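Protein chains in written order, with the working numbering: chain A, 4 to 329; chain B, 87 to 205.
What the hints contain is simulated information worked out from the structure, not anything from laboratory work.
Computed from a predicted model, the values in this text were never measured in an experiment.
C-beta: ideal position from N, C-alpha, C; glycine also.
There may be inaccurate statements among the hints.
Stated by the list, open to error - With beta-carbon atoms standing in for the labels, derived distance ranges:
#1 B:G153 x A:D140: 39 to 45 Å
#2 A:F94 x B:R108: 38 to 44 Å
#3 A:N223 x B:E185: 30 to 36 Å
#4 A:S41 x B:N92: 35 to 41 Å
#5 B:R128 x A:T322: 22 to 28 Å
#6 A:D27 x B:G153: 43 to 49 Å
#7 A:H138 x B:Q152: 24 to 30 Å
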Amino acid sequence: MIVFPKKLESWPHDVLPLVEELLDPDSVESESVVCDASKLEWILPIGLCGLAASCSVLAGRGITVRFENLTASMKSYFDRMDVFDQCHIEFESTIQRQDRSDRLLEIKCLDSPAQVHRVAGPLVAAITGQMMRGHEDPEDPEGMKAKPSERLAVSLEYVMSELLENAVTHAQANGFAHAKVWIAANYYEQNNMVRVAFVDTGCGFQQSLRFDHDVQESPNDLTAIRRALVPFVSCNRGVGILDDSSNQGIGLTVCADIARETGGRLIVGSGKASLNATSNISYPHFGHWQGAAVDVMLHRDQLLNLDLSTVVRPYQAETRPQLRFI
Amino acid sequence: MLSEINLADQGNSFFGTRFLGRGLREKLEAFLSEDEGKREVRIDFANLGVTQSFLDEFLGVLVVSQGQEIVDRIAFAHCTTETRALLEFVIGSRLSDRERLASKIRVHGYQSRRDLITG
């Protein structure tokens, strides 16, 4: 029996080791994996996504998962967040569903880039609703600035759209066409932080960047993650004249910059490696996950003052293009 | 003649994905090809947010293939400071890509698509 830790809050430290244990063939007893969840008290979006993604992998192998001894509060939270459903666990819901879309959104699973804007928008609305609770949302008397709720929503949706579309697109390359991405997000009033997490069952960073010169020289997961964070490096950075879906290779870099600018952090995990992209510190590996995991932490008040134009400016060409603004 | 694409009319308040950019690019290309390829287009960004990826898919692809000539036929209306910075980044960077591509073809020719992208 697998014993859940007290907290599932960090990809490298507690989520990845649990995922590794869940997927270990030695953990399977009579086509099922039984987990003692009695100690579990605290789970962040990265933990929810890690559980859902690994249970989905097990379901693909015909293995069922059972969570035993969940506390009442954790059971109710898992129920509310649709964790049982996403983990393929049969569970008779006991909660009365109310529309709380202005404050809470269940964990979601995506398998197509076309779904990204349909998921990101409602998720941002829910998180913005959480963040604005008890705060005034005044219009700018001079009409020059957007309302606080609008400023929060734009910055958050920027990060979610860029990361989520990247995740779905890259995950499904290189023979992983059936890969899925799980996303969950929440706002924590105690420390004024938003947490957004993604975990996918895709090909991972090293596979994605296998043609990159540095990755070929040093083929390991950490090199691949570091390369993905270098501006203008991408698995499909090309020239649109040949391939109209080439990208510019700054999506992940800019999101890491946004996290840094807002007093937060962005942690990327893939294969055996995990890297804090905002501090460039890597973590010792406690497990392996083929796909990718991204855990973003953003500070509410600093998101309100974020100026996206200053984040992008360092990447601009020396000569500004002549554009007609009217 | 001037055509208009008002993004707010497309039913979203935020344009964050390449998926959305691709659909709108087709519309923009159709407008630009009118009047024997001389039509100008005004794109209105009022009251909405965009990402670099959306703009790259919407406009960057056309800029790489057709260069400054296409940029000169587009006017950008009601852009926030952020949208303006992102437009300058995307278009500036794609104009540089186009120049690099042109000089590569002039100097070396090319054998394969991958040579061009990675070389």
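Status of the hints after comparison with the structure:
no.: 1; hint: B:G153 x A:D140: 39 to 45 Å; verdict: holds, 44 Å
no.: 2; hint: A:F94 x B:R108: 38 to 44 Å; verdict: holds, 39 Å
no.: 3; hint: A:N223 x B:E185: 30 to 36 Å; verdict: holds, 35 Å
no.: 4; hint: A:S41 x B:N92: 35 to 41 Å; verdict: violated, 56 Å
no.: 5; hint: B:R128 x A:T322: 22 to 28 Å; verdict: holds, 25 Å
no.: 6; hint: A:D27 x B:G153: 43 to 49 Å; verdict: violated, 55 Å
no.: 7; hint: A:H138 x B:Q152: 24 to 30 Å; verdict: violated, 47 Å
Of the numbered hints stated above, those contradicted by the structure are hints 4, 6, 7, listed in ascending order.
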